Structure formats: C-alpha cells, structure tokens
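**Q** So the chains spell out like this:
Number of protein chains: 2
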Amino acid sequence: MREVAIIGIGMTEFGELWNKSFRELVAEAGIQAILDAGIEGEEIDAMYIGGMSTGRFVGQEHVGSLAVEVAGLEDLHIPATRVEAACASGGVAMHQGYLAVASGMYDIVVVGGAEKMTDVVGREATHILASAADREWEAFFGVTFPGLYALMARYHMHKYGTTQEQLAMVAVKNHYNGSLNPKAQFKRKITVEDVLKSPLVAEPLHLLDCSPITDGAAAAILAPLDLAKKYTDKIVKIKASVQACDTLSLHSRKRFDSLPAAVHAAKKAYEMAGIKPKDVDVAEVHDCFTIAEIIAIEDLGFVEKGQGGKATEEGLTSLDGEIPVNTSGGLKAKGHPVGATGVAQINELVLQLRGEAGKRQVKDAEIGLAHNVGGSGGTCVVHILEAV
Amino acid sequence: MREVAIIGIGMTEFGELWNKSFRELVAEAGIQAILDAGIEGEEIDAMYIGGMSTGRFVGQEHVGSLAVEVAGLEDLHIPATRVEAACASGGVAMHQGYLAVASGMYDIVVVGGAEKMTDVVGREATHILASAADREWEAFFGVTFPGLYALMARYHMHKYGTTQEQLAMVAVKNHYNGSLNPKAQFKRKITVEDVLKSPLVAEPLHLLDCSPITDGAAAAILAPLDLAKKYTDKIVKIKASVQACDTLSLHSRKRFDSLPAAVHAAKKAYEMAGIKPKDVDVAEVHDCFTIAEIIAIEDLGFVEKGQGGKATEEGLTSLDGEIPVNTSGGLKAKGHPVGATGVAQINELVLQLRGEAGKRQVKDAEIGLAHNVGGSGGTCVVHILEAV
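Protein chains in written order, with our numbering: chain A, 1255 to 1642; chain B, 1255 to 1642.
Just so you know, the hints here were simulated from the structure itself, not pulled from any lab data.
Since the structure is predicted, the reported quantities are computational estimates derived from the model, not experimental observations.
Wrong hints could be hidden among the right ones.
Simulated DEER-style distance windows between Cβ atoms [what the hints assert, rightly or not]:
{"#": "1", "chain 1": "A", "residue 1": "Gly-1555", "chain 2": "B", "residue 2": "Gly-1609", "range": "52 to 58 Å"}
{"#": "2", "chain 1": "B", "residue 1": "Lys-1613", "chain 2": "A", "residue 2": "Phe-1395", "range": "42 to 48 Å"}
{"#": "3", "chain 1": "B", "residue 1": "Gly-1560", "chain 2": "A", "residue 2": "Phe-1395", "range": "55 to 61 Å"}
{"#": "4", "chain 1": "A", "residue 1": "Lys-1613", "chain 2": "B", "residue 2": "Arg-1377", "range": "35 to 41 Å"}
{"#": "5", "chain 1": "B", "residue 1": "Pro-1436", "chain 2": "A", "residue 2": "Lys-1508", "range": "17 to 23 Å"}
{"#": "6", "chain 1": "A", "residue 1": "Asp-1373", "chain 2": "B", "residue 2": "Arg-1377", "range": "18 to 24 Å"}
{"#": "7", "chain 1": "B", "residue 1": "Phe-1394", "chain 2": "A", "residue 2": "Lys-1532", "range": "49 to 55 Å"}
{"#": "8", "chain 1": "A", "residue 1": "Gly-1295", "chain 2": "B", "residue 2": "Lys-1532", "range": "33 to 39 Å"}
Beta carbons are placed, not taken as given, at the ideal position from N, Cα and C, and that holds for glycine.
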C-alpha cells in the first residue's frame, strides 16, 4: 500500500443557501479544491462523492455522473462513485478515495461530499434523516435522531453523572469556534443559559444541543505521497484511514454509553498511525448532538469513559485546551450538510495542519484526527492526518 | 494488483415480493452466497452494497450498516459501504469490491445489490427512477426514462433503419430465456405481435419494450484467486472490471446512437482481459429497454454500429446464437430491481461459466461479459469473467 497525501481542499460556505443549487455546491467545492491543489482537471483519475439522501432532499440520485458532468470530464470517462453511509457518507468517501490511491489503482482522486437539505419543508428533513436509523424497528415507531441521542444522553447522565450544563458547554464552545470560522452556518456566540432556555427537542436535549439542517459541499484531492511534492509544499499525509460498522439499530447495540464502531475504528487508526490519543493536537468529532461529542472524546481515548462532560467543563477541548475539539465550530455551529460533513472535517484539519486556520489556529498543530459517524453509530470513520 | 475470483453467488427470486421485506431480501441473497462459497461469516473482511434509491423506495438509507446487522457481524465491525450509481449501482459495487480485493486491502469481500421497488404506489416508481437522470434539466421538464430511451430508439431507427419489429425481437428473445429461468419475474413467452399490440409508453417503445418494476437482491463473494482454491473447485476469475462515467444528461452527450461510457469501458475491459469481442461466449447486457440491448451489442463490439437490430433478427444473440445475450431473461424478463441488477448479471454469468445454468446453459461457455448501465449512460460498468 502506498502512502497517501491530501494536496488540495475546497468547501462552500455552510448554511441555508437558497440561491445555490445542488450542482452549484458540488462545482464550487470541487473547483476550489482543484485550484488549491494546482492540478489540471484532466489529471483526475477517479472521484468518490458522499451524499446521504440526495434522492429525497433534491430528487437527484446518480451524483457521481453529475460530478463528472459538472467537472467537464465526460470525455475522459473517469469513474465517479457515490457512496452513502448516512451522516458518515463523507468520511466513507474519504476512506474509499484513500484505498483507491493507496492500492496503486489511481493517482489523483477527488473526494467530495454534498447535501442540500433546506429545499424540503417542515419536518420532512427530520423524517429523511430518520432513514439513517432502522426503518422497520426504529423510524416506523416514530423515533427520530434527537430521540435516539436523547436516550444515549439520559443513560450517560445516569451512569456517570454528566449534567445538562456540561452538554450545553459543548454547544457554547463550538459556537465560539464557529464565530471564528467565516464559512460556519452559525457565527454567533451563545451561553449555557441560552442552551438551557432553548426549547426541548427530546429531553434532555434542547434545540441548542442539536446540529442544524444545512446546505453545503466540501472536497479534497488525494495523491500518492511521492507525487504530492510535485504539486505543493503544503502536504498533509493520511496516516490512518479506518471505516467500521455496527448494528443499524440502537436497541441491538451492546452498550449505550459508547459507539463501539468508533472505539474499534479509533484503536485501529492509532495502530495504523503509530500514535497514541495524547499525540493528537486537534480533532474534529461528530457532534450531531452535544452528547455525541462527549461520547466521542471518550471513545477516542482523549479522556476515560464517563469523563467527557467533566473534561469539557474543565476546558480540555477548548481552543486553548490540551486537545482542541471542533475548532471549525463542529457540526453544531459550522453546520451539518450530512453527506459533506466527513469531508468538511478533513478541510478543517488540513487548514489547521497547514497553519491556515486564521483566528482559530491551534499553535503548532502537527497531528489531526477526524471522527465521522453515521446514524446512531452504525458506521464510524476515523482519519488521522499529519503535516509533513 | 492481485487476481480476483468469485467463489460464491446468491440471488432471491425476482418479482413482486409482497411478503418479503427489504432486509429479508438482503439476508436471503447474502446467506445463499455464503453457503455457496462455503465460508464462515467471520471470514468476511468487507462488504459493498449497491442500492439506487432505497431511501425513496423503502425509507431506508445506511444500507451498509443494515447488511452488517443482518449478517450478524456487528462485533467484527467490518466496513460495509453502500454505493450508488442509479441502475449501475450493482455493477459499481462489484467494481469497488474487485478493487478492494485486488489492492490487497481485503481478502473475502461480499458484494451485494438490493432494491424493493413495489412498496410505492402508482407512478411513484417512475418518478423515483427519474432521479437517475438530470433532475434540473431533464426530470424537472417531465421526461422519464421511457422518454429518454425512446429518443435514442427514434434516432437509431432514423439513422440505421432499425425497425419496431427488431426492437420487439429483443423482448421476445429475453422472455423466452426468462421462461427457462426459475428466478425470473416473467416466465411466459411472448411474440412480436404481443409487443407491438401492447400499449405505447413513449413512442416507439411499447409496454413490452420496457423492463418491469421489480423486488430482488443478489450477492457475490470475492476472494484473491490464490485463496479461492481453498474454498471451491468452481472458480470464476474476474479478468476485467472497468467503471466509466459520462454526462448525466442525455442532451449533453456527444452522440445518441451509442453510450460512449460503455464503449470506453468495453475497450478498456477487453484490453485488461486480453481478449476480443468475438471471444465472449455469453453476455448479460443492460436491456432496460429493448433499444438499450441493440445499442449495447453494438457498443460492446459484437456487431458493427447500426447492425444491432439486424443481428438480433438474424439470431446472433439467441440462446443458440453465436453470442447468446441475456440468457437469464435480462432486465426485461428476469426483472430489474435497479440496485441488484449489476450483481444479478454476475450471478447468471457465474452459473453459465460453471455449467449450472440448467435449461438455458450455453454449451462450453468459458468467457462471459456483463454490461451494466446507470441512467441514460452516465455510468457504465463492464466485467469480463472466465471459468478457470
């Protein structure tokens, strides 16, 4: 297997982008990445595009072919593959792109992710997102994702004494980080009181414990490490790329205070990278709900199981903490266009590792980790990146 | 790159399977394949599942995780990836599975495809299928797939003198083959007159020129060729696996009497396999409409461009012809559960190459070719298999 590098990134602004179509989002992120890498379109060998429910959100399946047309590469007939693993679709696209380059099959591979979620009305988005859960045994009975994560939150609070204030502090931190990110959906700071006063969505989760509905796209360009030097001096190496699955349904899971697929993927990723959790300088984790970030930093070994709430309260994961988490604002404040999220996380890490993260730059960041989750933990992808 | 073999296959009956759920279809095809290969579930390293619009047909995205749960492999946390390329989703799953084994990343890989299309009512299935076309520039203006292929048919008739009777003969042949396939949706023979008397869907295509709406699933198990011998004596080798894309929209295509992505994929596949079109003993091609088979046998080089109708009339592609095409009954008679079709084609070729195709067995079949198309040609996947 060859070593793989990221030589370019691109990302649209995240938010309610009423004036941009799905294909415009795909084009914008892709063109940014191509310009950033300094490649010619004709050098692209293959594409992997993450999209969760493009068929229901915008009536468009067959997104790989659309990406080829948008890129004007139809005469090269390059293979473009849409992959889907709910909210981990972007991370899975990264993993498949990584395999495609590492295997020696392709040299220059574009990885993208896109979702346009605000074209549907009312609660439709929530119902569409519920298709990431078990249709027959969860969604059919009325549970949607706030409910599933509320069950996990309640159990975590019961078992470890995690408090609603600690949950809220995840949102407060991520909104602060989002206020420093020009591409974030929410750039306003909030307080613990704001979170606790916001409407309950599914007890104990308030509105401000939940990530929003978002339009957006992100892209990254991968190349063999040896070839990467031809294009750029700002090389970021993929030290580890691991995708893991678990049961689709939460009720079939062996435990509720952890996502076993995340623990498994993280363990394998640390082995592959030859590092320990404490070596991570900056992390983007899947905070679809505040409880998810608390569980994530435990599953990733940043803190012991049960200590995620306390660690957040003590500032471990703040921008000036020991392991800054979700410097981009995370899903909570940067926004969560589900198919794009995994690739957007990679965008943030690359900015941090290149020292280009502006006001939210983590000093001397050398190793970054991305943790992307599908559903209630049915899929988890962990990437470890390093500046070289 | 390692050589890759198919060591097991499985397929549900195709049809209107009202008494089986989506997950039961996935389970049934997967279990058949596992039993056929003689592997233990624990030996599986990864899965790739093709599904076109599972979110709209059955309200279920995140099908990779579902497959892991159905297989009872959650504790192994193996990666399972859904891929989507409209009606080429199954072929793309095969290609990704092939790459995963060929690269050395994984040994035993399950490839699956599934779609349950008859749970939606009225014309909804047609609208869902239209999401394989360009949403903004085709579907929005009301065209659906019968219309798009009718445009191609009309052009082919105009340019080459292809007749409605020749189109009908594709359906007659494939229904005959389907009558010999116990798993086919339609097992009844039809006549040219039946086709021409059936209602017009989009002129010149009659109802019996169109493939049906179908429920079904199919699976195949891949392994490195060296390892394959451990499991079975009936090894089928993948000599070539090529995926190619083109514009999503038909109107942006450079020509209408051919699918350029198919021509490109076929050319590369023949090179990869070191064979010529005349070396192919049996082929499964993507006859979503009768005109599609005529264009396919031209694009694949079985006959010269424009001669597909005449060759069909002369029996070249009949069960006892020079190159039997769609011995399974094809999409037309076997049925077309869109995400499963590409894997179902592989099932038929493996049966033929093993000499297990029963009444529809092609004598001394050694080399088989599968041609799987997404949309109006935005994606095409070609596989060449050989009995070893």
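**Q** Which earlier hints can't be squared with this structure?
**A** 4 and 5
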